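Asker: Hey, can you work out the whole structure from these sequences and the hints?
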Amino acid sequence: MGVEVGSKLEGKVTGITKFGAFVELPGGETGLVHISEIAPTYVKDIHEHLKLGDKVIVKVLNIRDGKIGLSIKKAQEKERPPRQHRERTEGFEEKLNRFIKESEDRQTSLRKKRDKRGRSR
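Take 1 as the starting number for the sequence shown in full-length UniProt numbering and just add one per residue.
Hints are computed from structural coordinates only; laboratory data are not their basis.
All of these numbers come straight from a predicted model, not from anything done at the bench.
Watch out, some of these pointers could steer you wrong.
[Unchecked claim] The list that follows gives simulated cross-link-like pairs (lysine-lysine, DSS-like), each with its CA atoms no further than 27 Å apart:
hint, residue 1, residue 2
1, Lys-73, Lys-8
2, Lys-101, Lys-59
3, Lys-8, Lys-51
4, Lys-67, Lys-8
5, Lys-18, Lys-51
6, Lys-59, Lys-78
Answerer: Given below as structure tokens:
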């Protein structure tokens, strides 16, 4: 399987720096997993998550100037089904008009209750 943007591959951690980890991919190519792409949580020390020789599943994010950007975090995310076209729900104008009407109805109800209390005393 070739290295293509969007593909998920298994690789081996061959180097760790303070800014990321180098992963050897099938075919001998090497890519970098930036520290922000190691885990879904904040990573202060990469050594808490990876060690040399670890086998990891990575997703190819980009290939620029012969450099391969990888992500362990995105490889673990579940694929989202494509968004189906939904009919447009209530827009801002409709929401605003509904809010104004409901607000006026509540105000009218409160005035009636206040007037009834004022007359019965």
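Asker: Would you mind marking each hint as holding or not holding in the structure?
Answerer: Here is how each hint holds up against the structure:
Our distance criterion of 27 Å between C-alpha atoms is met by Lys-73 and Lys-8, whose separation comes to about 11 Å. This hinted pair does not check out: Lys-101 and Lys-59 have alpha carbons roughly 51 Å apart, beyond 27 Å. Distance restraint check for Lys-8 and Lys-51: the Cα-Cα separation of roughly 20 Å lies within the 27 Å cut-off, and the hinted pair is therefore satisfied. Only pairs whose Cα atoms come within 27 Å are accepted, and Lys-67 paired with Lys-8 is accepted, the gap being roughly 16 Å.
Among the hinted pairs, Lys-18 with Lys-51 is consistent with the structure: their alpha-carbon atoms are about 13 Å apart, no more than 27 Å. Note on Lys-59 and Lys-78: the hinted pairing holds, with a Cα-Cα distance of about 12 Å set against a maximum of 27 Å.
Going down the numbered hints, you'll see the structure goes against just number 2.
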